[in-house]
Amino acid sequence: MSLELLLIIAFSGAFLTYLSGKISSQLRDGVAVLISLGLVAIVSFLYNVQTETVFYQGFFGISLILRMNSLAWFFAIAIVSFTALCIIYSLSYMKDCERSNYYYFMMLLINASMLTIVLAGDLVTFFVAWEIMSWSTFLLISYNRNGALQAGIKYIVLSLIGSMCMLVGILSIYTSFGTVNIADVANHLTPSSVGYKLFLLIIFSITFGIKNAIMPLHTWLPDAYAESPSPFSAVLSGMLTRMGVFGFLLIMYVIVGMKTTLHLGRGFLSFNTILCWLGAITIVIPTFIAMLQNDAKKLLAWHGIGQGGYMIVGIAFGTSLGAAGGIFHTLNHATYIVLLFLSVGAIEYSTNGLRDLNSLGGLFKKMPIAFFGGLLGISGLIGVPLTNGFVSKWLIYKTLILGNAPFLAFAALLGTWGTVLSVYKFLHNLFLGQLPEEHKEIKKAPLTMQIPIVILSFTIILFGILPGLPLKVINSIIVAAGFQALDINIWGVTSETGTLNMLNIFAAIAVFGAIFWGIFKVARKSTPVDQYDNYAAGAAVPKNKYHYTVEYYAPFYRMGKPFLKDIFDMFYNRIAEAIGSICDSVRKIYTGYVGSYVMYIVLFIASLIFVQLTWSIF
Amino acid sequence: MDRNQIGKWLKNPGKMANKYSFHVVYFCTGCGIIEVPPSITTRWDAERFGIIPVATPRQANLFLITGYVSTKTLAAIIRTYEQMPEPKYTVAFGSCPINGGMYYDSYNTITSLDKYIPVDGYIAGCMPRPEAIFIGVTHLWKLIDMDKADGYKRYREDYVHYRANQEQILGELDWPPLFSKENL
Amino acid sequence: MEFLSNYIYYIGAFGLIFIGLFIILVKHNLIKVIIGIGILDTGVNLFLIAVGYISKGTAPIFSKAGLDANNMVDPVPQALVLTSIVIGVAILALALSLAIRLYKHYGTLDLRKIKEQRW
Amino acid sequence: MVNPILLIVVPLGLAFALPIVNLISKKIIKYIPVLAFLFNLILSLLLIPKVLEQTIIVKIGGFHPPFGINLFVGPVGILFSTLIALAGFLVSIYALSYIKEGPKEKYHILYLLLLTGATGVVLTGDMFNLFVFFEILCISSYALVAYLGNKAGIESSIKYLIQGSVGSSLLLLGIGLLYGQLGTLNMADIANQINSISSPSIFVPMIFIITGLGIEAAIFPLNAWLPDAHSSAPSSISAILSGIAIEVGLYAVIRVIFTIFNASSFLMFFVFLGVLTLLIGEMSAFSQKNIKRMLAYSSIGQIGLIMFAISLNTQLGISAGFFQMISHTLGKGLLFLSVGFLIYKTGSMKISSFEGIGKKMPITSLLFTIGAFSIVGLPPFAGFASKFMIIKAALTTGQLLFTVLIGVILLGTVIEGAYFFKVIQSIYFKGTTDIIKRDEAPLIALISMSIFVLLIIFIGVYPDFIARILNSAASEFINRIDYIRSVLG
Amino acid sequence: MNIIALFVSPLIALIAGMFFLGLSRKISARIQWRYGPPIYQPVIDVIRSFSQKSITHGKFFDFGIILSLSSSFVLILFLPIGKLCALTSGGLIAFLYLMLMGPFGIALSGAAAANPNSSIGISRKFLLALAYEVPLLLVLLTVMTHYHTISLVEIVNIQANSGWAFGSWALILPGIAYLLILPAILGMRPFEVVGAAQEISSGPIAEFGGKHLAFYTLQHALHVFVGIALFVDIFLGGWTFFGLLNPLAGTVWAVIFGIIIFLLKMTLVLFIGLFVNAVYPRFRIEQAMQYLWKWPTLISFVGLIIVVLTK
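Protein sequences, first through last, are from chains B, P, L, V and F.
Here the numbering used here is used: the first residue of the first sequence is 1, the next is one more, and so on.
Here the numbering used here is used: the first residue of the second sequence is 1, the next is one more, and so on.
Here the numbering used here is used: the first residue of the third sequence is 1, the next is one more, and so on.
Here the numbering used here is used: the first residue of the fourth sequence is 1, the next is one more, and so on.
Here the numbering used here is used: the first residue of the fifth sequence is 1, the next is one more, and so on.
Among the hints, erroneous ones may be present.
No farther apart than 27 Å at their CA atoms in a straight line, the calculated lysine-lysine pairs in the DSS-like style are these [to be verified]:
| no. | chain 1 | residue 1 | chain 2 | residue 2 |
| --- | --- | --- | --- | --- |
| 1 | V | K289 | L | K115 |
| 2 | V | K27 | B | K588 |
| 3 | F | K59 | B | K545 |
Covered by chain B, according to a simulated footprint, are these stretches of chain P (three or more residues, beta-carbon under 8 Å) [to be verified]:
| no. | region |
| --- | --- |
| 4 | 38-51 |
| 5 | 168-178 |
These are computed hints drawn from the structure, not numbers from a lab.
Here the structure is a predicted model, which is why all the values come from computation and not from measurement.
Each residue gets a CB set at the ideal place from its N, CA and C atoms; glycine is no exception.
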């Protein structure tokens, strides 16, 4: 199966889906699912394939290349599988929505463009696919109207800034070396000056930092996640944002090269240290801002930013454990954040679009599948042992502590404890507590929405207990990047400085769980009671009001609110306003009075003469 | 005190533990509550008998009704009693819960509490001193030993009547019956 | 004095050009501005003629004997000016017709008040 | 052998024949421009391979170049004439359904004249001829701007006229000064002799000529007429003005600078002017409420970008500039044409009135979106390829200044992106969510716009298709000696 | 050894934990001039709870508390009790995460009860946890950085050779910080904000009765055990006592005496905590957070900086 064919299927599948939607919606659903599952199948057959093909030479004579290696495969399989799950989920979620043809078209187009990004063997293909991804994402973020419009503009403006930076970087590579083939560029770059490498790293870091929402550049993300349709939020947070991580891997460890990247600068002023610190800031601040959110999706969005920080810290720290942890965390993050968004989507579906954390509650009795999805999702997000999040976070922590970076480790650990608070709030306010009367009878989430949730929940546990499965692929990635290989077993990581064996932790928890479950069963049977048979100091339980949700961490809010503002967002907004007003005043030079226009003509002549007399350029 | 007799423990640990670990819900309806603080603090130290106050009926096994019971508080008393897990014991403290005491002719005082919930023991007096509480508790121990502190069983058996009595004085109750037909 | 006689046409031409430009710049009345354009045009035309004109020159007819080629007036600028005049007329005509239509719309010819199209 | 002079003669002749045809039948006149530009397009396409082999010099009346008027059909000329014929052809197809009111025969006459003027400007090798064709272009565009006869049209037209006639006077003055010193009007001849006279006396005519042409080319302080005129004209004319007229003006400016005056040192000033034009254009467009005005300001920005590219004065830079011209013609033409029907159906130019139009006119909206993407420079559309080339050209020079200016230009692109994306949002994601009856633009207009889209995508994906002609066009500007030699022999 | 530890250490922890609960009640009583309950009173309470018929608010209400208790037991396996340590996988980081699971299970269970008192209690619990985790993480990071290992067993073993951490000048500040936050970790006064019986009806466990309460009490006992044991392991050298056990090295007696020394040390630490507990009133949650983020954090931060700089 050649890579061109894969991409042709991906892109033409998107168009095909759109066209079949014109005929009938069932056909379209079928085609969309078929295409997305087909891509999963094809990509999984490409496991362990190493190829490189030139597929097009018509663009200024540049050889556009597709290549497949372990890094590409790892991201490709993640992209196609998560998209496939989200597509399946969308079947019922988007059933009665307007423009659903358009929605599927865009989903598959984004899927195809992401696939192209990871398969790109040269920077031009990379950039083109990156841009297609950017604008199609914009078109889908705006899909929900109203608040989504502002989010879309924010996204596309930042995205454009990022891609312009990347364009400059790519073209400067092209002009210096005359090639954009990633492998060749890496070779050419080895002897070039440190300053040039640093320039490339910084300029690409801006692009990927914007996409991966590193702290001062994160401002597009919360709105965009919150306002998109939930299955797309899932793709957006799971894979699309993480194209930034892919980019970082590409620029740091493939293009510039591991050895060089890790030795740029000295001490605290080296490139990767600064990136690590940005990552640490990205972990801590968003995690705490997330605690203040009242919108379920916005809360998850802020965590999306925060978790991105772990990946950056892991990758930028530049040890084999750290890099493996960072890459693994990318996959894990995708798993649980997709799961969480899908769970929230299920709630939205069942409660007609409610996702306000203050007006829901007690849904765990009504929506058990979504609830277990949410529970496992937040467990993964926290990194509770036996979920996959634990393994990757463990790898990152360990590398930070043993790498003598206790402050970074502190930031990372603190982020986790902040995460506990906010995700618990998420779970509590949505699923636990008192079930409001109005939600006693809710729409059942259909099977197509439950299947992805179940699959993802299973994946979280599977990768949590047997982390060796994905770590094997990741090991080959980091070896290709020039790191030392890790000693991977199916159940974890072996090393002299500390072994992780998930299987025996699992066994211990399972045994004790079984023992106490047995004791619990043997002990006197308990009476099930209604939620209204509840302690209320002898008074009757008030209906719909007996749930503590608003200002859940009130004491902390009182203390923290003055400090926990998204100052960067405010800063950017102020800049945008300033630019707006400058633009508004600039156009005032077109006064509408002809005399002044003629005056401009005279002044132009005068200025030409002035320039000539002063500098005599002619 | 037979707290240290291992034989008895092995024979019926549940009963023994229930005797020596009274977690008490004090229902502070009236002036009787004033006698409780001295009894649980340094002067009389109820904790040496294993008696400690708890905040919720879910964790309690002893219900101490300290003072007169008005119609309005009766609902709360019934609810609290029903929320306690079995086995559970009720002790009425002072004259008022027994027969209305000095409020015997008030229009809204319940004169006989045991029409509405089963009462395992009464501590008479207006007010009874803290020592009386301890005497009451030792009596309760004896009753438990003899399986005579069976108020919760009676409540279950005669629930229909208790419920009828409750409804008679309180009107339509806004909570469902504790025991449905299947539970009985 | 000789300077003046040599350059009188140029001075006149540039004088007209500057007068025209001045009118366009300063006057608010559309008709006056159009007149200014006319004057500017005339000035440029005059300048073109002056470029080719030789004082006391003759018509550039080679077939006629006795005429000194060095003393002939350059015919090209005259041809140019002819074209230019035609163009000027076209512009003036268009401008005036537009002015009439503009007056119908605005009820004024004051350019300071005709500022709907701006910014 | 086909004679390139037909490129000018046929539309001009048809323009004059049109009133006579009008007497016979009022129905067929609107097909005349279509035919004329179809002819021109075919002719130009046929000429391209020949011209790329060797430049064609047409000597009118058999006079030899320094004395007679000649046409210079080089790669640049043929590139532009193809572009003009293409745009003219497609827009005239569009106009078949778009122009429904007003004095139609006059529209078609003026339309033919406008494009004749444009073709003449790019093909001529004579300075005064340039002026004449320029005036044809200008006067017909003054009239066409006022075509609708409404308040805005008349006002814009008169303002355009005032500035334009000042400009043409300056141009003529410059030509006169040049003639006074060199005694020739042939461009090649002037170029040949230009080094023989002192620089101040070249400089004065040069600034007059540059200013005069610069007004039509919409260089920064001289472009005040542009937003008014482009927004008030009928959309088909806006497309031509934006896609052809200002680019022809810019062609004339750079022809003067490169070939005639060899003023490459002057280009440094033009680099800054270009960046300034771009910034002013994009910033003015940013908060526009009127869609056509926004597009007009965006054109100013694009002109700035083209100026910047060409002023780099390298082979790559100039060809990038031409490429940007092509993608701008296609993109902006498409935008104006699609907006024409959006305005026609909503009855307003306000962006806010387009809310939800994406449901009513899905195809037109899609075409608009693709045009906008191309103008912003998103792949895989033509705008990306040209922007790619421009940045590459700027970075190839290796000068820090250009790298910094590229940063400024990309900032302008971001602003451009912001306002275009806002419009796209309001087209698709605002307004009512109810199902609205489709009310699409007429088929014939959609076809013509679709051809634009196909070209945009084709060139965007396969820019090597036009690489050769761009390259030889750039060499024509770089090697002025060849130009002089090929004309003077 | 590991197999033995697998069975023995949970038992030791459970017994010691219950003993500590009883002891704390007794000691508090004695400090307050009361006679106090018998030292085995918590056991009676647990048996009593088991004998009672509890209520349940659904499957999840049960699940949370089982999760909490079983993960607390798993936590014990990671803790070196004397020389016994069943599991070392993951080291102190895994240990930290498992420490989280106990409260998390209770939080899930409590919230499933649909009682706002529970919710408020949980919110306080998490806030308090956040407040003491900041200094605690700093302290643990200091220790890990100083000894350059993430394994608890190794930390104890290093101390066997080089003396107690609390005795070394580099780690005295973290040790002090840990002592300052110990009451908060154990949920004692002045940080008894979570199960504040007087305001929020004992908080997260407001709906717990019968076996749920019994499980909770066991979990609480283990939690107290872990909180103190961690301090002993990290700062007081675990089983080591100035080379006292050196003659016995390698024999079973060394293990047994090691455990006894370990438990004695724990008792000592508990006493310190209890004295604070008995005489102090309760903080409000804000005051608790402000306190914990001020002095202990500052001290442990300075300690970390010292360790990093002297590295």
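Evaluated hints:
1. Restraint check for K289 (chain V) and K115 (chain L): the C-alpha separation of about 17 Å stays at or below 27 Å, so the hint holds.
2. With a C-alpha separation of about 45 Å, the suggested pair K27 (chain V) and K588 (chain B) falls outside the 27 Å cut-off, and the hint is violated.
3. Between K59 (chain F) and K545 (chain B), the direct Cα distance comes to roughly 23 Å. Compliance with the 27 Å bound is thereby established for this hinted pair.
4. Under the rule that three or more residues need a Cβ within less than 8 Å of chain B, the assignment of the region 38-51 of chain P is violated, with 0 such residues.
5. Here the region 168-178 of chain P counts 3 residues with a CB under 8 Å from a CB of chain B, which clears the bar of 3, and the coverage holds.
Checked against the numbered hints listed earlier, the structure breaks hints 2, 4; every other hint is satisfied.
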